[in-house]
Structures are given as structure tokens and as C-alpha cells.
Amino acid sequence: SRERSSALDLHLRASDFFQDFSMSYETADSQKEEFRKYLEKNGIISQLTRVLVGLYEEPERPANAIDYIKKYLGAPTGVDVEELRADNDELKRQNAELEQKVASLSQQLKEIQVEQEDAE
73 SRERSSALDL HLRASDFFQD FSMSYETADS QKEEFRKYLE KNGIISQLTR
123 VLVGLYEEPE RPANAIDYIK KYLGAPTGVD VEELRADNDE LKRQNAELEQ
173 KVASLSQQLK EIQVEQEDAE
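The numbering used here numbers the first residue of the sequence shown as 73 and each following residue consecutively.
Careful: at least some of the hints might be erroneous.
As the list claims (entries may be wrong) - Under the rule of at most 27 Å between Cα atoms (straight-line distance), these lysine-lysine pairs were calculated in the BS3-like manner:
1. 109 to 143
2. 113 to 142
3. 182 to 142
4. 164 to 104
5. 142 to 109
Honestly, the hints are just simulated from the structure, not real lab data.
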């Protein structure tokens with residue numbers, strides 16, 4: 073019950089923080105207000121609040137809070153994004169080469185078919 077009260081208190085403070093954050097910039101720029109609305113509309117504020125409450129409620133603090141947050145949100149951990157991007161670029165290059173090869177071979181096949189038709 074005390075933990076629930078503490079978690080609720082943390083949730084309220086996090087909500088107040090995001091509200092204060094948005095209110096302090098609200099008058100400064102309408103773009104920031106639109107961004108705040110975007111964050112609310114897409115559930116980002118509530119999701120961040122949940123993950124912070126979840127982290128707070130952990131009996132033992134995780135050694136790597138970032139990995140905890142990624143795991144909590146369902147993101148893979150221990151992934152080298154740059155390596156994946158490089159792999160993706162290489163696969164796109166290979167795919168483009170193969171598409172060119174298919175186009176070339178298709179053209180050759182059409183030419184052979186035309187030659188055979190003409191020979192008949």
C-alpha cells in the first residue's frame with residue numbers, strides 16, 4: 073500500500089513535470105504546444121510515466137537503466153544499429169544489382185525469342 077502510494081505520488085509528480093514542462097513553453101511558441109499535444113495524443117507522456125513508475129517500483133535498481141527502459145518499452149537491447157544500417161545498405165546495393173541482372177536477362181530472352189520466331 074505504501075509502495076502503491078509512492079508509485080502514485082511519482083506518477084503525479086511525473087505528470088506535473090510534463091504539464092509544467094509544456095505550460096512553461098506554451099506561450100513561447102505554438103510549435104511547442106503542438107508538440108506537447110502530439111506527445112499526449114500518441115500516448116508518449118503516459119508511456120514515459122509508466123516506464124518511470126515501473127523503474128521506481130523495481131525492488132532492485134537495474135544496473136543499466138537505459139536497457140531496462142528499452143526492454144520495458146519492448147525494444148531490443150544489445151543491437152548495433154550502425155551495423156544493421158550498414159547491412160541494410162549492402163543488401164539494398166545487392167538487390168539493385170540483381171534487379172539489373174534480371175532486367176538484362178529478360179531483355180536477352182526476348183531477343184532470343186524474336187530471333188527464333190524470325191528463323192521459323
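Hints, verified against the model:
Taking the CA atoms of residue 109 and residue 143, the gap is near 26 Å; set against the 27 Å cutoff, the hint holds. Annotation: proposed proximity of residue 113 to residue 142 holds, straight-line Cα distance about 21 Å (limit 27 Å). At roughly 53 Å between alpha-carbon atoms, residue 182 and residue 142 are farther apart than 27 Å, so this suggested pair is violated. Distance check on the hinted pair: residue 164 and residue 104 sit about 37 Å apart at the alpha-carbon level, beyond 27 Å; violated.
Under the criterion of a C-alpha separation no larger than 27 Å, the hint pairing residue 142 with residue 109 is consistent with the structure, at around 24 Å.
In this structure, the earlier hints numbered 3, 4 are contradicted, and the remaining ones agree with it.
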